[in-house]
Amino acid sequence: MNMEGILALTGWGGLRWVGPVELFERGPVWLRDWAVGWLPEGAKVWAEGLIPAVAVLAVFGLLFGLATVAERKLLGRIQNRPGPNRVGPYGWLQFAADGVKMLTKEDVVPRSADRVLHFLAPIVMLAPVALSLAVIPYGRDLVAADPRCGLLFFFAVGSAAEVAAFMAGWSSRNKYSLLGAMRAIAQMISYELPLVLSALTVVMMAGSLSLVEIVEAQSGYWWGVIPRWHVMTPWGLAGLLLFMAAAAAASNRAPFDLPEGESEIIGGFMTEYSGFKYAIFFMGEYFGMFAVSGLAVTLFLGGWQAPLAVLEAAPSYGWFFLKLGVMIAWFIWVRGTLPRLRVDHLLNFGWKYLLPLGALNLLVAMVWRGLGGWAFPGAGAVRWLACLAMIGLPAILWGRLLMRSRGWGPRVYRYAS
Amino acid sequence: MKPSEILTPIKQRYGTAIQRIDRLDDRRLVLHVDAGALKSICRFLFRDLDARYIAGIGADDRPYSGRFMVAHNFAFDRDGLLASVLAMLPADAPEVDSIAGEVPAASWSEREFHDLVGIVPRNHPNPKRLVLPDGWPDRVHPLRKERPWNDRPDGYDEDRPFAFDPAPPGCVVVPLGPFHPTLDEPAHFRLYVDGEIVRGCEYRGFMVHRGIEKLAESVLTYNDIPMAAERICGICGCVHNVAYAQAVEQAASIPVPPRAEYIRTIMLEIERLHSHLLWVGLAGHILGYDTLFMHCFRIREPVMWIAEKISGNRKTYALCLIGGVRWDITPELHDELDQVLNRLEAQWRPLVSALLEDRNLRRRAAGIGVADRALIKEQGLIGPVARAAGIDIDCRRDHPYAAYDRVDFDVILAQDPDVWGRISVRAREVFESIRIIRQCLVKLPAGLLQAPIADELPIGRIGMSSVEAPRGESHHWLITGENHRPRRWRVRAPTYQNLQGIPAMIRDQRLADMTITLGSIDPCFSCTDRLETVDVRTGAVRVCPPEELRDRLRQRWNEPTTP
Amino acid sequence: MQDLLFYVFAAVALIAGFLAVANPFSRNPLASALFLAVALVAVSGLFVLLHAFFLGAVQILIYAGAVMVLFLFVIMLLDLREEQKRRARKVAAGLASALALALAALISAAALAGGGPADPPALEGGARALGRALFTDFLLPFEIVAVLLVAAMVGVVWLSRKEAA
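Protein chains in written order, with our numbering: chain L, 1 to 417; chain H, 1 to 563; chain X, 1 to 165.
To be clear, the hints were calculated from the coordinates, so they are not data collected in a lab.
Since the model is a prediction, treat every value here as computed from it, not as a measurement.
Every clue listed holds true.
Between beta-carbon pairs, the in silico distance windows are: (1) H:E308 with L:V334: 35 to 41 angstroms; (2) L:L322 with X:G131: 32 to 38 angstroms; (3) L:L66 with X:L103: 52 to 58 angstroms.
Partial selection, computed: residues in chain L whose CB lies under 7 angstroms from chain X: (4) P147; (5) R148; (6) C149; (7) L152; (8) F153; (9) F155; (10) A156; (11) S159; (12) E162; (13) F166; (14) I185; (15) V203; (16) S208; (17) L209.
Here are some chain L residues pointing at chain X (derived, C-beta under 10 angstroms): (18) V116; (19) L117; (20) L151; (21) W170; (22) L178; (23) E192.
Every residue gets a Cβ at the ideal spot worked out from N, C-alpha and C, and that includes glycine.
Isolated chain L (complex conformation):
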């Protein structure tokens, strides 16, 4: 863990006058250092690891609650109805009521279930996702852990979700659970590839696997106004779109929520879960959405960087969470807009569309870098448009080609019953 750098920056002990900008910006770090300072020497090293962990869990735990209400309210807007509006002001405490309900529900375990695996599955689902939140930089110097290969760490721990889905589906001894687990695993594995591929583009351009360094690579402004975020480049824009499409699938969000498509296979691998265990799965799903949204913000949207130089006075973590909120709203919007896919369409979309485009995007990023040497007037615009055409045209044409309906062929019937 790379905590020394942060400690040295702020120091401990000397009180000095600070302005409100600095107070808000550095506040969280100072708070941590102040708390650590009270502890005996031997406990400090543990506390430095624990305090950010607790902080991350607390912040995202609250965000989880608020996001569930926000999702239902926003979906309500899309569907022309009010959504939850009874518990607390404007219904914003609905999540607390839901939590109490979940906690007090009976925990039903099927008789023939494998009890140990059935118990462990939700934990194996939630814990790695929570771990992956550790490497995302939430603000300037505000990161729980910054290993050199942060991005790789993120995807590595994320892959445990597949095992968890399998454990849940298998241990329930229910055919619908097993079908759901098989779908979930096929989907997660398929969509991890385009996800990693679009993230790889950023790694190539930023030259680092460390998320902190990737954010720093996006600092500064073109002509002082346009932030140098990756999304402002053609490959970054395409990368973000590919990444978000793959992310929605990898985190089992609608319209890719087949593993728990309730109209088809009841609850998928969560069919036999109730009460608190179900709540943990639910939480794991939302944490997954937060983590992957946070990663999208970090990779493409400049992380905690402000969009304009004059706005840098606002605390950096504020910008991060604002962007995170936009991403979550995007997820909810998509859920309200699109019907669920069928499993073969979903796999085709991943393998035949997202994956080739992800590979092409890697190539576009290379061209973008290669054309960086041009120096004639208007070179920037030409480079921008050329790269956009390189990724945009194939995307549209290939999409058209794949969308061509094959129609229905002749069928042979047997009239038995």
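Given the structure of chain L, go ahead and fit chains H and X onto it with the hints provided.
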């Protein structure tokens, strides 16, 4: 084609086998034939004259003629003819040749009269029980006249499981139902699944125990039955109500006042409106598109309100009595209904254009649940399922009733015999319903609501009535009888026929398409199950104290389950 | 703390590894597979203790994630009851024991002979250092692995197409 033109070839071919031909009116025939020739005549009608199979009826006629009766109903849709081929069977050996081998659509009807009346269809291709549970004692047939309506037969083994066919090799059995999030009513599909691909299924339904037909034949009277009839179905109840009343009116030759006919038309179309709006929403829900579901329900709600204003109820309108209707459309209701229709049309039009141009939805729904012309002919599929495949049938036009012959409307067709076509047909039929109601409101004549009926209804007359329910044709067949009640009343709901097409429709497609394929026929299991049997539960109402429920649960919990 | 973590990870890896091959409580292959996953995660923890973050992350990503899931799928396709009934063959058991003993001897010989571990190269997972290593010193193995993977992929596509047709 006039009835005579159809009769001529039949007479030529089967001369002596035809005992008598009754013309109930210009559009309804009853052919009394020898039981031995029944199969051959049915095949001739179905194959050579291209008639559509409607339903098979078995009846216990022993108290009146000393014999059993079996009838197969056919429709000549292009000619507007309904024909019933009727044969009498000896009381000591009620057996008849099964026609299910020649007319696959008759399979369920024959299994049903085997169960309920005890008429044995010889050489039936699938002679399993359909309506009665497997634990029901043999030789106890609830619709026989000697069985009382509240019969509790000895030896009924309620816990006996269904005897299913063995699963095909290499397939896993996935049970769908009786309880499943998308089944609003209980039915069981035993799916044989190879990976995600469904290779076949076996259906066990008829779990909604009510015995409405038995009640009608033994307890209720003519004017009670419409109220029981509309409780056959929670969505298209008015259809059964009207169809029953029309069957009686036709049997007893009772003229219905024109105003009543228009009001019946209006209520039937109101019902179609809210049923189709509900269905499009449910299809969206099944396809994982809850936004569509919510919008459909919002748009649908005013239709329910206006139905409540007219009849006092959102559903179960209690509209018809024999010879008329009970509710009037007053001038105030007239204006309000007009406003509801305007608002509905203004909201539904943009939604439909968005829906029908949604490529995601189209890609999801196209090419699944395919029922082409061959299947539709063989299994007698009807309603939007047939119209989506481009088969131009609609009882409102082909066998006009109420005021449908006096209004102008189009029969909506599509050329996609899949789920997508059915979505498109139902979504567009809403506009035709609006058109029909508007015309009715303009043309609504003044006059009586109810025809005066002075005499007792004649006895032993046959009545037939087909009504186009939102899901397809609802067919009622009855014989009038003594004590102000029919001797036999048979209801064939549209889902009864459409469900028989499901095994062929889901074969070799994905499990994910199973629920939407099933949903696409707009299944109504209550309609289909209308007469299950008089079960122990309906025989006597028993209040189960919570202690006992808990004990039973414990008992279930403690007994070992077989894996 | 480092030492403590080392012993924890090492113990978990050993115990889980043992349970994966010889579980006295259950002969369910699924349990073995899941114990193998636990062992792999523990080994990845050891890598991290050696500052080989990249190796640790890849270990989890590929072995605990992808390969494990493959195992689980394959196990599901097998007939589990048949597997549980099957007894280990004596020859196979003897051969495996001999191999394990030989491996143990090799490792202990190396540990006794060598003067302790040399300082590992600090390959902490930086993209630049990693890329350089892969494309200079380890270019040949890298290319061979790439060719192997492509061949496997083509083979899988071919096999699954044949089955579908």
